[in-house]
Every structure is written in C-alpha cells, then in structure tokens.
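*Asks:* Start from chain A and add chain B according to the hints.
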Amino acid sequence: MSTEALVGTKETAPPTGRARRFTALVRKESLQVIRDPSSILIAFVLPLILLVIFGYGVSLDATRTRIGLVIENATPIAQDLAASFQASRYFEVATGRDRREFEEGLILGRVRGIVVIPTNFTDVGAAGSSPQIQVIVDGSDPNTANFVQNYAQGVVGTWMAQRAAEIAMRPPPISVEQRFWFNPELASRNFLVPGSIAIVMTLVGTLLTSLVVAREWERGTMEAMMATPVTATELLAGKILPYFILGLASMSLCVLIAVFIFGVPFRGSVLALYALSASFLMPALGQGLLISAATKNQFLASQLALLSAFLPAFLLSGFLFEINSMPWIIRIVTTIVPARYLIPSLQSVFVAGDIWPMFLRSIAVMLTIGVVLFILAARSTRKRIG
Amino acid sequence: MMWWIRLKALIIKELLAILRDPRGRLILVGPPILQLLVFSYAATLEVKNVDIVLLNQDSGAWSQELVNRIAGAPTFRSIERVGSSEALRARIDAQQAIAAVHIGPTFSRDIAAGRAADLQIILDGRRSNAAQIVAGYLNQIVNQLSADISAGRRGAGQTVIVVPRNWFNPNLIFQWFMVPNLVAAIALLIGLVVTALSIARERELGTFDQLMVSPLRTHEILIGKVIPPMIIGTFHMTIYILAAVFVFGVPLRGSLLMLYGSSIFYLLSVVGVGLFISALSMTQQQAILGAFLFMVPAMLLSGFATPIENMPDWLQPITYASPLRYFLVIVRGVFLKDLPLDEAVNNTLPLALIAFLTLAAAAWLFRRRME
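In order, the protein sequences belong to chains A and B.
The first sequence begins at 1 in our numbering and counts up by one.
The second sequence begins at 1 in our numbering and counts up by one.
Hints in this document: simulated from the structure, not taken from any laboratory.
Take these hints with a grain of salt, some might be off.
Here are the computed distance ranges between Cβ atoms for each label pair [claimed, not checked]:
1. A:Thr228 / B:Lys48: 51 to 59 Å
2. B:Pro317 / A:Ile261: 57 to 65 Å
3. B:Ala112 / A:Ser130: 21 to 29 Å
4. A:Glu92 / B:Ala321: 19 to 27 Å
5. A:Phe266 / B:Ala113: 45 to 53 Å
6. B:Gln57 / A:Asp98: 48 to 56 Å
7. B:Arg165 / A:Ala87: 38 to 46 Å
8. A:Thr228 / B:Ile173: 54 to 62 Å
Note that the Cβ used here is the ideal one computed from N, Cα and C, for glycine as well.
Pulled out of the complex, with its shape left as it was, chain A reads as follows (with noise of 0.2 Å):
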C-alpha cells in the first residue's frame, strides 16, 4: 500500500493524496474537539442536565394546581359538588367560606383560581333558573387560568351527568372509554426526552460547529488551510465529519440514559433512530456552516446560531408548543425549521415503533434543507477566497 503510494502512477496518486489529506483533516478537527473541554461539556454534560430536567422537572400538566373552594352555603347539594372538586386529580382545594379568604393569595399567585358555589345554589333537577357556580382565575398566567377553568368545567360536567343520572334513577346514557394510545401512562418525558435529543443535536451542530470554524476565521488559519492544496469541498467535510459523530455519539448517550434510567419505552429500530438522526444532523451542519461563513466572527456566530437554530428548535419545533395553534404567518416559519420534522418521527421510535412513511417524508425533508445549506454555505466560503 505504501510502496504503491510512493511510486504511485498519475492515476492513482491524486485518490491517495486526497485519502491522505482527508485523513489529516478530520485528525486535526477531531483533536480540536476532543481537546477543549467546552465541547465535552456541550455533548455530554449539557445533556445530562436537559434530560434530568424534562425527564423529571419540567410538566406541562397541571396537575396539582391549587385552589380555593368558595361553599357559600352548605347545603347538602353544594356539598356534593364540593367533594368532586376535592377527589379531582387536578386540584389541591382549600376550603373556606368567603371568597375574600383566598382573594389575596389570587394576587400573591399562592393559589391559581378560586371556585365560588355561591348561597342560592341549587339542584339540577330543582325548577327555577339554573344554578351558577363562579370560576375565578389569576389571568396573567393564561395558561394556568384556562387549564383551571377547562377542568373545573370538567369536574362540574362530570358531576352534573352522574346527578342526572340519579335523579332520573338510571346508569349515564354514555360510558366513555378514553385510551391515550403509545402513553397511556400520559408521562410527559415520554414526549420531552425526544424533543430534547433534537435540542443537543441542535447545540452540537449548530452552535459548536459555527463557533469552531468562526474561530477559524477570526484567527486567518482558514484562509492558511484555503492556501494548502485541500479543496473546499473536502475543508469543509473534514470539518464536519468529527461534529457529525460527535452529535451522533451524544445523540446515543441521550438515548441510553433515556431508555435505561428513565424508562421510557423504545418500541422503533436502532436504524430509524440512527438515519433520523443522521439526517437531521445535515441541515444542522450545513447551518453552523453557513453561520461562521457568513459572520467569521464568533460573537455574531453565536447569536446568529442562538437565534435561528437553538430557539426555533425550542419554540417553534411542536417540542413545547402546538404548532396547529399559531398564527398562520408562524406555522409557514416552523416549515424551514428541521426539529419540526425530527421530533414527531423520534417520538414515534419512543414510543410508536417504525412508521416508515413518515419517517422517510421527514428524512427526505431535512436532507433536502441540508443540501440547500450546503451548497450556500460551500458559496460563501469559496467566495471569500476569490
């Protein structure tokens, strides 16, 4: 092999050489990450905390949620309604007698709503008007407010079925059986953990990516690696190259942690999950690059990173937020934004399994964003040369 290198005719020579360069590069790329610890710390630690966050801190269900009980009169029919209220999985009651009692901790946000039956509440068989009951919410946290008002209006529909029912001595008309399917068990890390994978990929190819070549930049030792005989194409493949199976090796890390130590199901294949991710880390590449090429300063490569990967990959990505309810004008923007199309397929592989054709319409998506990326980024590099 060597010998054959060195006596090398012309046509074989240039493959060798280019071999022998990439080789160099991608040793040179790989001894930089692995020798600045803020890289470690991206990869693996960062992870780390995310996943012990949503994993265990971070519920998007309100469940527990405190509030007053207002029974103005307690007549045996108030009573009733107060016992559903208290045997809710969805509320801590206080009781009191007053509403005043509560008003301050309203304010204070010491409790989320205050529930009012007020005195002249009756039955619902009873004739007269119908009975009202108040519903009180602290507005400034409106998420809060609707889930309290969407299950006090609950407790208060559920009770009024099975009254009726009993006043008209008979079963509820209808029984309904409810079946979330993949989570019965509605952990919120079954969905979180999925989303967070997509957000260390997002800062490991990204971010790291675009501060690590801007830094080349910044300090002239890109244009010193323009000078050598390496081509543009393959400076920027040996750059990515370590990134891409660092972003690969904490993508696994992730998962492992995930599956063996939270417990969340991993009903999919490991080859999904790895060619969803694998395609996923192109269009974060292709990003990082077109940042640092863009900028080649690694303050603005930073926030340019910061603002069109890390927060959209958070925000507008469907991780937290229902992309079905934004604004029209919003839900355009979350078509660019490549998380959209990792996260559903990867938490199906949680907990779903393999459902091939939304995986492959996703994978061709983001490899079709990266490629756009790639060629702008291959652009601005090469121009900066010329």
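*Replies:* Okay, now just chain B, sitting in the frame of chain A:
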C-alpha cells in the same frame, strides 16, 4: 478624579468593542425585535385548530347529534370521517389527527333503550399534553349531551352554568403573559453572552495582559466590565417595555420606578453570573458554551414556560438559584397586577444576594488569575 477618568475610558472602550462593528450593532438590535414578534405569538399552550378522525358505525340520531356538537365547537378545525379502524389507526400513527372518536353500531339504540351506550375516544399519547386538553374538550361535549339526555327523560332540561371570571387579563390574551416574560428573558440572553465574552475575548486576543499592566486597579477593571452590559440590558428591556405597552397593548398597572429599581439588581445578578463564567473560561468558545450551560436550566426552571409548583419537591429548591425566577414575578406583577411593594422587595433581595455572591466570586477568581 483620576479613577473616574480611567473608569470612563474603560467603559467607553468596552462599549466600542461591542458596538464598533456595524454587524454587531445590527445583531444587538435586529434579532431581539424579531424574537419579540415571533416568540410572543408562537409560545402558546392553548390548543386550537385541532384535526380529529371520526369512525361512526351508528346510523341513529344520537350519534348525529354528538357529531354536530363536536363540529360546532370552535376548537376543532376538521373532522375526517373514516370507514374502518385500520384507517383510523393510520391517521393517528402519521399524526394527521391528534384524536379519534369511535361510535359503535349500537350507540343510538342503547341510548333509546336506556342502556349505557359505549363511546371510545382515542388520543395520541405522543403529544400527551395537547391530547389531554383535547380529551377535556371532548369529554365536556359528551357530558353535556349525557346530561341533556338524562334531563330529557325527566322532561326538565337544566344545567349548571359555570361563570368564568379572569382577573388581571379578562380575555386571557396570551401576549399579556408572554411579552412581560420576554422582557426578563431578553435581558438574561443578551446580558449573559455579552458579559461572558468580555474577559474571554481579551484573553484570546491577548489584550488582557495590556489591561493588566495599565494603571487600572482590579476592581476598576471589574466595574468597567459590569457597566456596559447593564447599559445594553437596560436598553433592551426598555425597547421591550415600550413594545409591550404600545404594540401589544399590555396594561401597565404597577410602578415603572419599581420595575427599573429591581431591574438594576436583576441585571447585576445576570452580569455577575456572566463575569464568573468569563473568569473561568480560557477561550470565547468556552465562555459562550458556559453561558449556555447556565442559561438553559435557568430558563427552564424559572417558571417561564411551566409553573414551578408543578415541579417535583426536590427540584423546586434548585429554582431559587435562577435570577429569572424572581424577576419574572416582578415583571408580570408590575404589568398586570400592580404588585405590592413588599412583594417586589421580597423578590429583589434574593437578586441582590445572587449579584453579591457571583460578583465576589468573579473578583476572587480574577485576582487569583492576575497573581
């Protein structure tokens, strides 16, 4: 007076280092405004425009009544009818619908006969949060129908009316919540990165040694590093506050003086953390990534997107370390609630403590490095 001239020169130098580059100026102004516009509308936990699938094997009147009531609810955007459970499964699998309603063939007959009629609601547990809200809406509709049927049997239709009262934000406008949150978040975002970079950049460019051989004392250098990010942070907060009031129409019910007063301590605590990270870092890359490592948990554990009381008990104490946690109470309170002064003070004191601890730690690290 010499110290003041020296300090002033340093502050001007620090500001120039950030603002001299036209792209740097642009990035400090443009993206924050874009963020304000996009994220104040995007970050909503409401569930709207819901697509559901319907498998109706019943041809009677009651199933029709139920379908009409679901179609009439504003939450649902489309109801796709399918003919088989395989088709239903395919729609849910591919996330084309978040929920499916399955009405069995004997639904209307059972109701007419006074038997319990079965109804199945299937939800996509992958999106368990949204699915639960959708389940709540569907149950509400079914319960209402159920109560109406029971009441109809007795001849007297009557229901309990729930009267909602939303204090501070009668129409539950989401931006009234999000924009004040973003006032606090932007100061953290910008303040942290600008500060974290300040020493690390000089160290990387080698100008740090020049600074050390200048007549400036250590504490003067530190003050010079603290003030420019505070000016920039205050500038961003002011833009956001103006936009909140004049663009988004958020009511400003409390005292602006109180808000700015406590913002000094908030910014000091943010800058303190930033300087601490900067003093630890050898390169800009380390500083930026270090800032991230602090920022992400600080945001997630602040009550910004999810209430702290929903977190497990062992995690809640950790949230006390996030400056954002305290300032969020103040910003939301001043805007919507006319926060009482003692509550503002209660939330400003921890900020002062965080500022003191981080600045002291940064100064100590800084001195140690200089020797």
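*Asks:* Of the hints stated earlier, which fail here?
*Replies:* 2, 7
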